[in-house]
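Enquirer: Next come the chains, spelled out residue by residue.
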Amino acid sequence: MYKYDNYDQQMVDTRVEEFRDQVRRRLTGELSEEQFRPLRLQNGLYLQLHAYMLRVAVPYGTLSSAQMRMLGDIADKYDRGYGHFTTRQNIQYNWIKLEETPQILADLASVEMHAIQTSGNCIRNISSDQYAGAAADELIDPRPYAELLRQWSSFHPEFLTLPRKFKIAVIASDTDRAAMRLHDIGIQMVRNDAGEIGARFYVGGGMGRTPMIGPMVREFVPLDQLITYSEACLRVYNRYGRRDNKYKARIKILVHELGKDEYTRQVEEEFQHLLSQGIEPPIAELERIKQYFVDPAFETGLSDELDLSDPDFRLWVERNTEAHKQAGYVIATVSLKPVGGIPGDATADQIRLMADLARDYSFDELRVTHAQNIVFPHVKKADLYTLWQKLDAAELSTANLDTIGDIIACPGLDYCSLANARSIPIAQKISERFVAKQEEIGEMKLKISGCINACGHHHAGHIGILGVDRKGKENYQLLLGGSEGADTSLGQITGPGFDEDGIVDAVEKATEVYLAKREGDERFLDTYRRIGMAPFKEALYG
Amino acid sequence: MMSEVQFRFRDDDPVSDPAVTVDAFAEQTNATAVRVEPGDDARELLPHLDRLRLIEVNFPAFTDGRGYSSARVLREAGFDGEIRAVGEVTIDMLSHMRRCGIDAFAPEKALNEADAQAAFDRWADVYQATADGRQPIWAKRHPA
Numbered sequence: 005m006y007k008y009d010n011y012d013q014q015m016v017d018t019r020v021e022e023f024r025d026q027v028r029r030r031l032t033g034e035l036s037e038e039q040f041r042p043l044r045l046q047n048g049l050y051l052q053l054h055a056y057m058l059r060v061a062v063p064y065g066t067l068s069s070a071q072m073r074m075l076g077d078i079a080d081k082y083d084r085g086y087g088h089f090t091t092r093q094n095i096q097y098n099w100i101k102l103e104e105t106p107q108i109l110a111d112l113a114s115v116e117m118h119a120i121q122t123s124g125n126c127i128r129n130i131s132s133d134q135y136a137g138a139a140a141d142e143l144i145d146p147r148p149y150a151e152l153l154r155q156w157s158s159f160h161p162e163f164l165t166l167p168r169k170f171k172i173a174v175i176a177s178d179t180d181r182a183a184m185r186l187h188d189i190g191i192q193m194v195r196n197d198a199g200e201i202g203a204r205f206y207v208g209g210g211m212g213r214t215p216m217i218g219p220m221v222r223e224f225v226p227l228d229q230l231i232t233y234s235e236a237c238l239r240v241y242n243r244y245g246r247r248d249n250k251y252k253a254r255i256k257i258l259v260h261e262l263g264k265d266e267y268t269r270q271v272e273e274e275f276q277h278l279l280s281q282g283i284e285p286p287i288a289e290l291e292r293i294k295q296y297f298v299d300p301a302f303e304t305g306l307s308d309e310l311d312l313s314d315p316d317f318r319l320w321v322e323r324n325t326e327a328h329k330q331a332g333y334v335i336a337t338v339s340l341k342p343v344g345g346i347p348g349d350a351t352a353d354q355i356r357l358m359a360d361l362a363r364d365y366s367f368d369e370l371r372v373t374h375a376q377n378i379v380f381p382h383v384k385k386a387d388l389y390t391l392w393q394k395l396d397a398a399e400l401s402t403a404n405l406d407t408i409g410d411i412i413a414c415p416g417l418d419y420c421s422l423a424n425a426r427s428i429p430i431a432q433k434i435s436e437r438f439v440a441k442q443e444e445i446g447e448m449k450l451k452i453s454g455c456i457n458a459c460g461h462h463h464a465g466h467i468g469i470l471g472v473d474r475k476g477k478e479n480y481q482l483l484l485g486g487s488e489g490a491d492t493s494l495g496q497i498t499g500p501g502f503d504e505d506g507i508v509d510a511v512e513k514a515t516e517v518y519l520a521k522r523e524g525d526e527r528f529l530d531t532y533r534r535i536g537m538a539p540f541k542e543a544l545y546g
Numbered sequence: 012m013m014s015e016v017q018f019r020f021r022d023d024d025p026v027s028d029p030a031v032t033v034d035a036f037a038e039q040t041n042a043t044a045v046r047v048e049p050g051d052d053a054r055e056l057l058p059h060l061d062r063l064r065l066i067e068v069n070f071p072a073f074t075d076g077r078g079y080s081s082a083r084v085l086r087e088a089g090f091d092g093e094i095r096a097v098g099e100v101t102i103d104m105l106s107h108m109r110r111c112g113i114d115a116f117a118p119e120k121a122l123n124e125a126d127a128q129a130a131f132d133r134w135a136d137v138y139q140a141t142a143d144g145r146q147p148i149w150a151k152r153h154p155a
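Here the protein sequences come in this chain order: A and B.
The first sequence stops at residue 546 when you use this note's numbering, and every number in between is there.
The second sequence stops at residue 155 when you use this note's numbering, and every number in between is there.
Same shape as in the complex, but just chain A (with noise of 0.2 angstroms):
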């Protein structure tokens, strides 16, 4: 994986003492809490409804384990013994002093990590395919044209005061596993039918409280013009993106106001008068980042057979398993949804033991997926049951991966102090309803966000739930028919909102006409798509 060089780690460590310094004005009231705003969300750190919350960049979500064993050991100093992994690949602590801030980027730096631009109107943590590196089906590994991104993002002079947030994520498989087309930019590294590997360009994609899929804007951007066409279109949002309205704000009402033609000829615009301006790259810097993405010393002629004779195991291993481009080796995720829990968190002890398990495993790398799960990458298919042991002893073994006991959930009222509705105990909750049922209703994406901002990416759910505030009362608006992967569509609202225990019976109604109407082996969002909303309303309204 990347290693930082002087270079790199030099600026980090100038980030830390321009927020101390940030912090220190703060403190000594020369900088208003309006003008400290800005400066410390660029930093991660938000204001919550409890104390202070600081969102940790996990660059496309790869992790060392030395990074790992970091995060667990600032969740026992400096908050209250655990961590909350994100939809964005990256960490949150919910119990953060501000005084102890600077010192928790300081250790940070030490592990080449930071909490840079994970909030604020700017260019946010560039995000990937959580396999990429590893899985049977990528193109490319899309991680080097992550780091260029990360690299050109950051401290970018002109992209700090946006109208709104800007999230790019890079993927390089025709399974979307990144949710791409819901960023607003997404980009798709692809092979040219002269055999050239570039990037496709898809624009104007979110969620929140206007979801749009992104139009692709540029079939084939060459990869020594990679910067350059994404400085051109991150120019044009600064320039022409709405602020007179902050939910208007974000580049996919640019584009759609626009229409996607003329927002294209406004960027290709822009981009010919960049080409003549020198920003971009020489290749041998894409080289250079490449080189620390070179596959891990992978041993060859292994075989490929697994012992399944204990159930639990092969049980695990149906669920939260994939298959691995090198022959012997498997992609094994760590399911964060256990029963009951709360989807996304870990304790330090259990980040510190994947860690620890990372070095012995697979190659010392995790990676954090935007489902809020932790993956080993390349675990040798030999290892794998004394692996899943290990994770067994520190109930880190859920075999749910994709069902829906998988639950995405934004951390809701419990915590943010945007959220409406709790999103937690809903997800506490449907994960007991349905846990004997799980493996019946097979491949399912539930997910579900605490207000309209849709950081639980309800949208993408096959179904969703957003709970809103109704004349003071948590209510709870259920969706069908989401996705985010290559067939991304948005899902549609069956009609009158529940209460809290309504919302978990609705969603067994829902599973239920499923059941009952499916057919071969559909899944839930197939057999949707089939019999269309009508049934499902019968039974949820009849």
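Keep in mind that the hints were calculated from the coordinates and are not lab data.
It is possible that some hints are incorrect.
[What the hints assert, rightly or not] Quick list of in silico lysine-lysine cross-link-like pairs, PhoX-like style, CA-CA up to 25 angstroms:
1) K264(A) with K252(A)
2) K81(A) with K101(A)
3) K120(B) with K294(A)
4) K151(B) with K7(A)
This structure is a prediction, so every number in the text was calculated from the model and none was measured.
Put chain B on the given structure of chain A with help from the hints.
Expert: Then chain B, alone, in the frame of chain A:
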């Protein structure tokens, strides 16, 4: 309302000509200073750069970043006169403004000199090529 120029990174004589709006500038063929508001298209000035000595870029609110693009667009077009940031200019914007080609600063509220100096000196290296002529890190990694 005219704020004092507090920081200036130029050797030529300061310009004190009053700035006119971009709209008025088109009519006034003798004007040598103009003020660009966030909603103005700085590219409208490009045909007239040779008669301009000063372009003020106004930041009515420090949260509105359009002025950074305006400044860069002007520098990319070859403007080498003074670009002066006016309005709500704060300490933590200074280094980014410099990078976008702004070379004079007239904050509506004067800034602490020591803090400002620290901000200007903060970044020994930079990741991007912009209009300020600094060599980005990628160029240092791969000397020609």
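Enquirer: Could you run down the list of hints and mark each one as holding or not?
Expert: Structure-based check of each hint:
| no. | hint | result |
| --- | --- | --- |
| 1 | K264(A) with K252(A) | 16 angstroms, holds |
| 2 | K81(A) with K101(A) | 11 angstroms, holds |
| 3 | K120(B) with K294(A) | 47 angstroms, violated |
| 4 | K151(B) with K7(A) | 17 angstroms, holds |
Of the hints listed earlier, the one the structure fails to meet is number 3.
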